[in-house]
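Chemist: Residues per chain, in single letters:
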Amino acid sequence: MTHEVLIIGGGLLGCAAAWHLARAGLAPRLIEARGINAGASGQNAGSLHFQIERRFLEPGGTAHAQGGDIVRLNRLAIEEWAGLEDQLGRPLDIHMHGGLMLAENEADLALLSLKVARENELGLPTQLLSGAEARDLVPRLAPHICGAAWLAQEGHANPRILADAFADAAKSSGASIETQSRLLDLRRDGDHWQATIEQSGQIATARARHVILATGHWTARIAARMGLNIPLYLAPLMMSVTDRTAPFLPYLIQHVGKRLSMKQTDDGNMVIGGGWASAPQKMADGLPDLDAPPHLVPDNLRANLAVAAGVMPCLRGRSLIRSWTGMTCISADQLPIVGEVPAAPGLHVAAGGSMFTLGPLLARMLARSIIERAMPEEIALFSAARFAHLNAFVVPS
Amino acid sequence: MSRIVDGVTRPAPITVEIDGAMIPAHPGETLAAAMVATEIYRMRDDRSGAPRGLLCNMGTCSECFVWIAMEDGWRRRRACLTPVEDGLRIATHEVPL
Amino acid sequence: MIDIAIIGGGPAGQAAARQTLAAGLSTTMIDEQARPGGQILRQPPAAFAVKGWMAGRLYRPLRHLLAQTEADTRLDWRGSTSVAGIERIADHFRLTLSGAHGGTLLARRVLIAAGCYDMPVAMPGWTLPGVMSAGAVQTMLKSQQLVAGQPIVLLGSHPLLLVLAMQILDAGAEVAAVLMPQTYGRTMRAALPHLAGAMFAPSPLIAAGAAMARLRLAGVPLMMGARPIGFTGDGRLEAVDYAWRGRTHRIAAQVAAVSYGFLPQSDLPRQVGAAVRWARPAGGWETLCDGAMRSSVPGLYVAGETTGVAGADAAMAEGEIAGIAIALDAGAQPASDMARAQARRARLQPFIDLLRAVADPRDVWPQATPETLLCRCEDISVAQVEATMARLSPMADASAVKHRCRIGMGLCQGRSCEHALVRRIAAAQGCDPDAVAPFRVRFPARPLTVDEIIG
Ligand SMILES: Cc1cc2nc3c(=O)[nH]c(=O)nc-3n(C[C@H](O)[C@H](O)[C@H](O)COP(=O)(O)OP(=O)(O)OC[C@H]3O[C@@H](n4cnc5c(N)ncnc54)[C@H](O)[C@@H]3O)c2cc1C
Ligand SMILES: Cc1cc2nc3c(=O)[nH]c(=O)nc-3n(C[C@H](O)[C@H](O)[C@H](O)COP(=O)(O)OP(=O)(O)OC[C@H]3O[C@@H](n4cnc5c(N)ncnc54)[C@H](O)[C@@H]3O)c2cc1C
Ligand code: FES
Chain A
272 MTHEVLIIGG GLLGCAAAWH LARAGLAPRL IEARGINAGA SGQNAGSLHF QIERRFLEPG
332 GTAHAQGGDI VRLNRLAIEE WAGLEDQLGR PLDIHMHGGL MLAENEADLA LLSLKVAREN
392 ELGLPTQLLS GAEARDLVPR LAPHICGAAW LAQEGHANPR ILADAFADAA KSSGASIETQ
452 SRLLDLRRDG DHWQATIEQS GQIATARARH VILATGHWTA RIAARMGLNI PLYLAPLMMS
512 VTDRTAPFLP YLIQHVGKRL SMKQTDDGNM VIGGGWASAP QKMADGLPDL DAPPHLVPDN
572 LRANLAVAAG VMPCLRGRSL IRSWTGMTCI SADQLPIVGE VPAAPGLHVA AGGSMFTLGP
632 LLARMLARSI IERAMPEEIA LFSAARFAHL NAFVVPS
Chain B
11 MSRIVDGVTR PAPITVEIDG AMIPAHPGET LAAAMVATEI YRMRDDRSGA PRGLLCNMGT
71 CSECFVWIAM EDGWRRRRAC LTPVEDGLRI ATHEVPL
Chain C
215 MIDIAIIGGG PAGQAAARQT LAAGLSTTMI DEQARPGGQI LRQPPAAFAV KGWMAGRLYR
275 PLRHLLAQTE ADTRLDWRGS TSVAGIERIA DHFRLTLSGA HGGTLLARRV LIAAGCYDMP
335 VAMPGWTLPG VMSAGAVQTM LKSQQLVAGQ PIVLLGSHPL LLVLAMQILD AGAEVAAVLM
395 PQTYGRTMRA ALPHLAGAMF APSPLIAAGA AMARLRLAGV PLMMGARPIG FTGDGRLEAV
455 DYAWRGRTHR IAAQVAAVSY GFLPQSDLPR QVGAAVRWAR PAGGWETLCD GAMRSSVPGL
515 YVAGETTGVA GADAAMAEGE IAGIAIALDA GAQPASDMAR AQARRARLQP FIDLLRAVAD
575 PRDVWPQATP ETLLCRCEDI SVAQVEATMA RLSPMADASA VKHRCRIGMG LCQGRSCEHA
635 LVRRIAAAQG CDPDAVAPFR VRFPARPLTV DEIIG
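Protein chains in written order, with our numbering: chain A, 272 to 668; chain B, 11 to 107; chain C, 215 to 669.
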């Protein structure tokens, strides 16, 4: 069977790309090794965070220079999320009521004001709030919170249902989506790619002009098997959640100096995370097992909850009902890698970074790059070409 | 009265406060037992507002979670595992933290 | 760091402690109940005095064991404390505790003897206050010295109902009816192949016979072949509906005691990664072990109902075996002989098989309607679950269904609904329940407040 586009991976990225490609009439085929949304896309914190990270502030660094592009992308991502429920025609628990990045002391506050100034300069309408103003918004914040950066467009969405919505929309636009279908091997065959796929115990092959590796934290290992170097590194994370409580927090809460993300879901549970590590299980050869859920690191859970209860003391009395772990990946320069791999024409990747917040936008851009056969300039910053030197010694197979 | 009396010696009763009402209980008894003995079978409400009561009486099902007043606020605890003591104050509806 | 942490103070945990203490190992026993005893000997509050408590001859060995346990000052007993977390670090374990002795505990070895719990079975009206598990009614009696209500109706397929009925009569209260869906004929057919073997351990059979005679004498209607339909009432249970001889009937009740069997407690073994399998016939997950009760996780032992529901005598025998194995593995000298303990356990098997065959609930389940809640914590109905499963076809695991409709996402983390969900998925896919991937079990095994974790 020959396809114009074969997508590997049924997470948020793969399903959203399938939808955009299907709407353009390309009838893509998507194969997913397990079930739709079984990877990071269904396990993440669901934060929609658009304030820029601390590293984009440090003057002189490369990241500082990229701040403008990042802000531009974040603004596009805001538009993307704002229109998503209409476009997909169903409720997705998307809440963009605002987000607060908190300061607990003078040093935090100094950093926040620097950040807000820089963001405003770049066109992101963040506002610096005093501690009292922050508590007006969220009365349960601790009395020592001395300020916050407020961005009205931040918020959260429900990661448990989003990929399904994209997959359903893709299917009705002509995409074929197959679960329990694992890519085993991918090799060049003239101007096409030949994929070997395991599907319910059977081995089949498929040819495609374009292949998208929307395989999250598996991407680097799949590429490595093809002899390609994609600098993506494992980021095993953990989350936890309390029992349901009456709605009191419509906003996303983050911390400028500590790892914290916190929100209240539609159902009323408090979801707590912020980038605390879990511990991957290991395979016989000592390498991390990419398929197995990482182990919780209880000390990190304690530390994470301590940060959360530090800014919101009433959390001390909430019941914790569950914790979980998941894996994602970050790139060598902490920016996503999106687009065609120069050493392997027709092979596209999309991974690394906060791909929930940016996922819907980047999937659209990636699809556009295939449809228009040109990389949209908005995401030039994320181009895989920036790591082309790593594949200088690769012999195309 | 559903407490077995024959052959059972209990400490003198105390009272505990449930949603503002006082009910009798014997020290050592579980809160769930004291409620059932007073024919209070409802221990919480579900999401539709329908009443719920204990199911397993052994700490496993979580149906009997009530709010208990502590020095620094309310905590949710299993009524079937919580012994009553003098001054115990509980609520069967969520108390804002 | 202690030598051995025993989770569960029932017959299994106590029997193990006899061995580990005799071998000189530092032993801590943790239980969420205030006093040791487990479910079969759930003790009254320490401040109560109860004359002739659990005096029956059948309970004698259990009472003896309990007396030994309580008198043993070497045992570090931590009651009113739940184990919420268990993790293996290098060559030892760390437990996260909640309750009276909260905090963490390091142990070289761990025995999980956490017992079982009444299988929650979804049927119309089962969330009404007053509808309880038979175990709940029974422990109210044994421990709290309280009859949960009157009138009381007992229903389900498990013979424990007969024991309970007798205990209610002993307490001077009345039993309105005992409704058992299986017929006499089915019961006898199920029992027959096992009877000869079970005669080696006949006392429970004799007890069951005595119970039936006693019920008849007291005029309690024991209806075999009566199929429970559901519960009705305004804000609390008022009546039980059932089908009997081709007609539906309604009987008034303040309390209904339901028993279709028991599920092994499996959250701690699964949290720490021990291998489990679907329990037969009643379902749930029993933890796998070798002949010396060693689980698949090095240093982790299991005994009693956690390894499969088999009754108190088996729990005691398995606890003894586990205790001996722990002592030997630690290079110490246990009090008893391993081969003899294993032989004791083996002799019980025919009776266990008999009980399992008689109590097999699989062809007598009550029917849930589409509106019946399957997940009691998040209020997820059968219809919602079925619709989610249909959308996910052809293949779905339990977690995929959970993620999409919230079944199992509440306070009990699936202890009440997971078995039912897995049965439904297996039925829809025409496969064995063992082939369906269950929920992923995570910390905490019991809800605990954030301040208990961060201190
Ligand atoms: C705990 C946690 C919290 C996070 N919080 C946030 C957040 O708040 N905000 C944010 O923006 N981002 C967050 N992230 C990151 C975000 O979840 C990921 O970046 C994003 O979901 C990636 O989506 P994806 O579709 O690329 O990958 P995935 O969702 O991982 O999907 C990849 C899919 O590929 C499939 N696959 C792999 N190998 C093969 C193969 N050989 N054949 C077929 N299929 C295959 C997998 O089964 C999987 O379903 C978080 C991540 C984690 C783990
Ligand atoms: C409610 C109930 C009533 C029963 N009544 C009878 C009866 O009358 N006759 C009969 O023959 N059998 C009865 N059984 C069966 C009974 O389980 C066994 O006969 C016997 O008690 C099993 O012994 P065990 O040691 O395996 O487990 P158990 O006796 O159940 O002991 C396990 C102990 O572990 C504790 N535990 C479990 N999880 C945790 C945790 N996470 N943290 C801390 N502690 C924990 C429990 O509180 C319990 O005390 C009953 C079972 C139940 C559930
Ligand atoms: S009644 Fe089940 S936990 Fe208390």
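Rather than coming from a laboratory, the hints here were simulated on the basis of the structure.
In this text the structure is predicted, and so the values were computed from the model without any measurement.
One or more hints might be untrue.
[What the hints assert, rightly or not] The calculated label-pair distances, taken between Cβ atoms and stated as ranges, are: (1) C:R654 - A:H335: 52 to 62 Å; (2) B:G83 - A:H415: 11 to 21 Å; (3) A:G472 - C:G423: 45 to 55 Å; (4) C:G399 - A:G445: 52 to 62 Å; (5) C:G545 - A:A550: 25 to 35 Å; (6) A:P521 - C:S607: 53 to 63 Å; (7) A:K553 - C:A405: 19 to 29 Å.
[Claimed, not checked] Going by beta-carbon spacing under 7 Å, a handful of chain B positions derived as facing chain A: (8) R20; (9) P21; (10) R52.
Every residue, glycine too, gets a C-beta built ideally from N, C-alpha and C.
Chemist: A separate judgement is required for each hint: does it hold in the structure or not?
Modeler: Consistency of the hints with the structure:
Restraint check, R654 of chain C to H335 of chain A: a C-beta distance of roughly 41 Å breaks the suggested window 52 to 62 Å. Distance hint for G83 of chain B and H415 of chain A: a CB-CB separation of about 18 Å, consistent with the stated range 11 to 21 Å. Evaluation of the 45 to 55 Å hint for G472 of chain A and G423 of chain C yields a pass: the beta carbon distance comes to about 52 Å. Checking the proposed 52 to 62 Å range against G399 of chain C and G445 of chain A shows it holds: the Cβ atoms sit about 58 Å from each other.
Separated by about 30 Å at the C-beta atoms, G545 of chain C and A550 of chain A satisfy the suggested range of 25 to 35 Å. For P521 of chain A and S607 of chain C, the hinted distance range of 53 to 63 Å is not satisfied, since their beta carbons lie about 36 Å from each other. Taking 19 to 29 Å as the suggested C-beta distance range, the pair K553 of chain A and A405 of chain C does not conform, at roughly 50 Å. Given hint, R20 of chain B at the interface with chain A, is violated; its Cβ is 31 Å from that chain's nearest Cβ, farther than 7 Å.
Because the closest C-beta pair between P21 of chain B and chain A is about 30 Å apart, greater than 7 Å, the hint is violated. Annotation: interface hint on R52 of chain B violated; nearest CB of chain A at approximately 18 Å, more than 7 Å.
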